[in-house]
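Asks: Residue numbers (our numbering), protein chains in the order written: chain B, 1 to 137; chain A, 1001 to 1137.
Be a bit skeptical, because a hint or two may be false.
Claimed, not checked - Below, a list of computed lysine-lysine pairs in the DSS-like style, where the Cα atoms sit at most 25 angstroms apart:
hint, chain 1, residue 1, chain 2, residue 2
1, A, K1024, A, K1118
2, A, K1024, B, K118
3, B, K24, A, K1118
4, B, K24, B, K118
No lab work stands behind these hints: they were computed from the structure.
Protein chains: 2
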Amino acid sequence: MKDTADTARQADTELLICVTCRRKGTLPEGERRPGRALFDEISALDRPEGVRITATECMQNCDHGCTVALRGGDAKWTYVFANVDEAAHPEMILAGAAQYHAAPDGLIPWRQRPEHFKRNCVSRIPPITPAKDLQES
Amino acid sequence: MKDTADTARQADTELLICVTCRRKGTLPEGERRPGRALFDEISALDRPEGVRITATECMQNCDHGCTVALRGGDAKWTYVFANVDEAAHPEMILAGAAQYHAAPDGLIPWRQRPEHFKRNCVSRIPPITPAKDLQES
């Protein structure tokens, strides 16, 4: 068990940012998309240890963008978050990513979880490494 | 390239079904939850080759349950689908899972995609194996 937990802790956390997001609006030609701006703003900040940032195409949450996701190896839940603002939220997102990175299963304790994460979770996907009690036999 | 595509095709597809789903309603005590019923109905059908079925806890799409997800190795997009009905949809879900399994990157061609998948995609998560052109350098 100890080995497994240590391995999970050491896996990189990936912060995925949809850079194609227009946030449900039209955009003047040539203007930087909100998703790209979010990626740029977050990339300009100091990155928490163990967290890397990945630009991605549409995560199909277009009506409630900008959209980010967190994943981190086979032992963690993957989370998708909506309504991220490129001006107000970059530091909160990175702080949340650091908390996620520190949690062996990706579950940030509820009372420590950023308010935005509590209210804007689009969905979560279970770890690749299965929870035994719910599995098909 | 050929080797990569072959490997992707051979990875198992996992159909994840949230068995804790109450579909936003109250439930008489002791009654089987809609999510569990969906899992039971799907499990009773013939499974497409390469597709396995996994019961999972809450995927946090509770307002629009039942919820299923498809994933299949490092080269595929992961998809989350909402508003799945345990009586009407089990065969459609398995047919869609077979199409997903056949698609090397998990993208079912739009015109072949089940209507329900088109209209009820909650979000999708990019492959672990990155698309080079969008990556951070």
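Asks: So which hints don't hold here, by number, going up?
Replies: Nothing - there is no hint that the structure violates, so all of them hold.
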